[in-house]
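Q: This is what each chain is made of:
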Amino acid sequence: MQRVDEGAGRLSRFRSLFAPLPVLQRVEERWFWFFIAPFLAGFLLFALAPLVASFALSFMQWNLRGAPTLVGLENYADLADLNGKGKIVLKAFSNTVMITVIAVPMQLVIGLSFALLLNQKVKGMALFRMAFYLPTVVAGVATAALWRWILGSEGLVNKALDVVGVAGPAWFNEPESVRWGIIFMLIWAGTGGMTLIFLAGLQQISKDILEACECDGAGRFRRFFSITLPLLSPTLFFNLVIGLIGGLSLFTETYVVSGGGGGPANESMSVALLIYRLLIRNLDFGFGSAVAWLLTAVVLLLTVVNFRLSKRWVFYDN
Amino acid sequence: MVQVLWRRTTAVALVVGLIAAACGGSGSSESPDGGLTTDPVTLTVQIFNAGGQAELEYRQAQAADFTALHPNVTVEIVQSSEYIDALLPQIAAGTAGDVIWTDTDTGFTQFAVAGAFEPLDSYIAADGYDLSPYPEALLKSFQLDGSQMVMPNSVLPFNFVYYNKDIFEAAGVAEPTNDWTIAEFVDAARKTTDKSIKRFGLSLAWTEQYVAWMRMYGCELSDDDSAATEYTYNGTGCADALKTLDDLSREGVLNWEPGAKFGGLSDADSAGEQNFSAGNVAMLISGTWESPAIIANSAGAFEWDAVSVPVEGDGKIQGAASGFGVSASSENKAWAWEYVKFLTDIEGQKRDAIAGYNSSPISVVLDDVYCKTDALPLSKCEITKIGNAHIALEPIKGEWSVGFWDVVSAGFEEAFTADDQYDWQAHLDALVEQSTAAAPLQ
Amino acid sequence: MTTSGARAIPMISPRRVAIYAALTLFSLLFLLPFVWQLGTSLKTPAEIATGTFTLFPAEPQWENYAEVFRRAPIATWFFNSAFIAMVGTLGATLTSAFCAYGFAVLHARGSRLAFGMVLLTILVPYQVLIIPEYIVWAKLGLINTPLPILLPWFLGGGAFNIFLLRQFMLGLPRDMVDAARVDGANELHIFVRIILPMCAPALAIVAVFHFIYMWNDFLRPLLYLPDPSAMTLPVGLSGFVNKFARQWHLLLAGSVIALAPLLVVFALAQRVIARGISIAGVRR
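Top to bottom, those sequences are chains A, B and C. Per my numbering, residue 1 is the first one in the first sequence, and the count goes up by one each step. Per my numbering, residue 319 is the first one in the second sequence, and the count goes up by one each step. Per my numbering, residue 761 is the first one in the third sequence, and the count goes up by one each step.
Please note that the accuracy of each hint is not assured.
[Unchecked claim] Quick list of simulated restraints, FRET-style, between CB atoms:
| hint | chain 1 | residue 1 | chain 2 | residue 2 | range |
| --- | --- | --- | --- | --- | --- |
| 1 | A | Ala41 | C | Val952 | 19 to 25 Å |
| 2 | C | Asp935 | A | Ala126 | 28 to 34 Å |
| 3 | A | Val163 | B | Asp747 | 43 to 49 Å |
| 4 | C | Met846 | A | Phe315 | 32 to 38 Å |
| 5 | C | Arg775 | A | Phe225 | 15 to 21 Å |
| 6 | B | Gly618 | C | Arg830 | 20 to 26 Å |
| 7 | C | Ala826 | B | Asp623 | 31 to 37 Å |
| 8 | B | Ile613 | C | Arg830 | 17 to 23 Å |
| 9 | C | Arg830 | A | Val163 | 38 to 44 Å |
| 10 | C | Val952 | A | Leu82 | 54 to 60 Å |
| 11 | B | Asp747 | A | Glu176 | 23 to 29 Å |
| 12 | A | Phe225 | C | Ala778 | 18 to 24 Å |
These are calculated hints, taken from the structure and not from any lab test. Glycine is no exception: its CB is placed at the ideal position from the N, C-alpha and C atoms.
Please work from the sequences and hints to get the whole structure.
A: Take a look at the structure:
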């Protein structure tokens, strides 16, 4: 939220950070820090140390016993060694990116469609809404069994496909189909949350605006694209960013499906699962931390790009 | 600017402090003989949530018995599921309690490498503790670099073949006996399969079944399980074992999903024991712990019994073993050692055996409890003895998990799900090369 | 029930029928996991084993629920979960709204950097942070208390929540805020009297999401509340299925019991979400 002209060069913008501000701005600034204070306190007390420690560990070698030994950039060099340790890292990234790129847009489109559907003035809306959100709520230990039932070799989906005459794959037990199984899981379970957020966003849109445009004779589609969608853009932006971050941080589904193994044949190994295994199974804290920060860098880059691009299409009511 | 510098310094200090503090926990060990204080002491005992509420209550009662003998010592039992996930942070922070349960596939390797256990050799020597009742191989499997880390309490060979008598009769196959051969076993599996009614000849109920199968054929995983320097799972018997398994899989004899987690059955799909209990599988390879579940789940629907897996030549029986160790970060090591002895000595093992919470490796306990009383009619004394006599545990070395399991699980899953059968000898040769490259055992 | 932005539709029309049909179809699809849980929890272990394809067994074993209560201290776990989830949600909702106001409405140098820090906490994979976090709490001597689980939600309220509420607040019309400032109201007043009420649907969503998240959270209670008397539902239920005893019927019965409060919470939140915001009197 810079008050400074966007066209100014970076150096002058940096300098302007230290220029004295007019009184009103200073007052507003103090209020800002007052409101942010709880977060800052929490961050400094609980979040900062682990963040710094894990970053530092990526330059060390440690298996929990004794003190870590400094190894400089060796872990990062190992990341790049695509015939050695880096091979599985590349596989994990390729799995994770593929799943994210397919699942997230579908979640967004389906989520928005459902939200539009739910935003109608129809009786029993509360019940429908509950139904849509329910899959997200069925969590925890029973999830594995549930998904076996749905996507097992003789599961619901395959039985349904049988009816149509198509032979379904073994989903989680075949290298070729396990990632599609995970995508399916993500869409089923993840859309509910997005739907709810879209719904809240839709309901925020002033009835007055929409009615005004109706009087002006605009058609329904036109209304949607010219009015609803732009006003919904902050919400859409949120869902997009969170969806991408969530997709790239994929862990639970891959763990549940493969029993923690990342199989079959490493096809369900996500980056987060790989990190988990490096840390907990191999006790390789140095390399594991390096992989984690590589993922952080990737997601950070993606998020920054998103925020930059958002200036073009996200419409804030300022 | 100053703010940034200050933050950076704090950060560095935090990291250094954090790591130093974490490592500070593994301090010097107490002298074993000076330690038995009469001041009030509280011991925390960590156990895995395997037996649920029932086991928690049993262990709490056991703890109360110890307090009756030593009134100044209170024992608290803490039970965790996701045992490795729960304990590793505690080990790192130096707050892992006083006594830690472990088992060869529930954390022993990780905990030992992470320095969770206090070496017991000096305590054993100071007490003149008699180790002769314990099988040598078992003690060795709980040593790291020659130091005894854990006292074994239970050994779990995967050597029970539960079989459905009704199915055998219907298929006209002779019932197995404890001295049957591998050929007879495989043949029985084939003959009792009937795909038209979705009946399988054999189910493997444990995730490490690849390894158990290979052991049965005399395949050696390494050159020395307690001090491995070489991967040898492409040696004699190994390719035969896997080819047979692959054949059985392709013929539809096995009740499994070839791609599911180590080629066994993933935790969620428990069709191993449960499908057997439902009467759809002729034979089930598992361990003695499966009996209560089978009794409960089959509810008398069919006649069944158990024999040992076939043992011939150099064949071994894969197993796991569990025990208790003293935590390196304990502040009451001498008392913790007393409690470990209380749990794992002959009397302690008898108690656990009677209550059904272990399968003892000590032959005296076997004779007294399993083979005499009706208390455990399902433990099958003879089968257990065969299992204990031929048991082989997983090679204990930090790199083993990485070099073996990571390579083998992906490699085997690939082979079992391939359209055409692989040349197993060539495939194993290639995998051994990968293992050696990924985690050399020197 | 007024839903702002919704359009009034004539009573019976092809459009209405289509909407109902679509809603019903998808609802059934989404209800499936829940129905499956309920149905399977009523089966006998043998029925579960054979994986028969019926959703509901011929003879529902209501016994299973009684057995769950007999075999485990479900009530204790339930109350522990309830306490943690309620307190945590209260803290998270209020605190994240508080912080989000700063990010959304107030301008300051360094606000971007601060927001970056917020995002950083969800960008770094939590797997690498678990052990260092645990060490921090261990050194503070707070293991075996609910503080490690609750305190972070009172200091910041969670990056996800802050981000969500910030987006919402950014989408609100600024007229009222500016008008209030001109009238001399201070920021706290504006936050409590103007912004907070306008955010009601978003707050309800944050509360619901957060409650469900805390209720289902497995890892933190596993690490920080190991004492048997302090256990929460997910951790307790995980004891039913493990290497040696796979009692799926009990696990699922327990899971259905665990699910019930979430439905209640959701139903309660519905009212707030449905009410929408009334911005009568402010025209563009």
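Q: Going through the numbered hints above, which ones does this structure break? Give me the numbers in ascending order.
A: none
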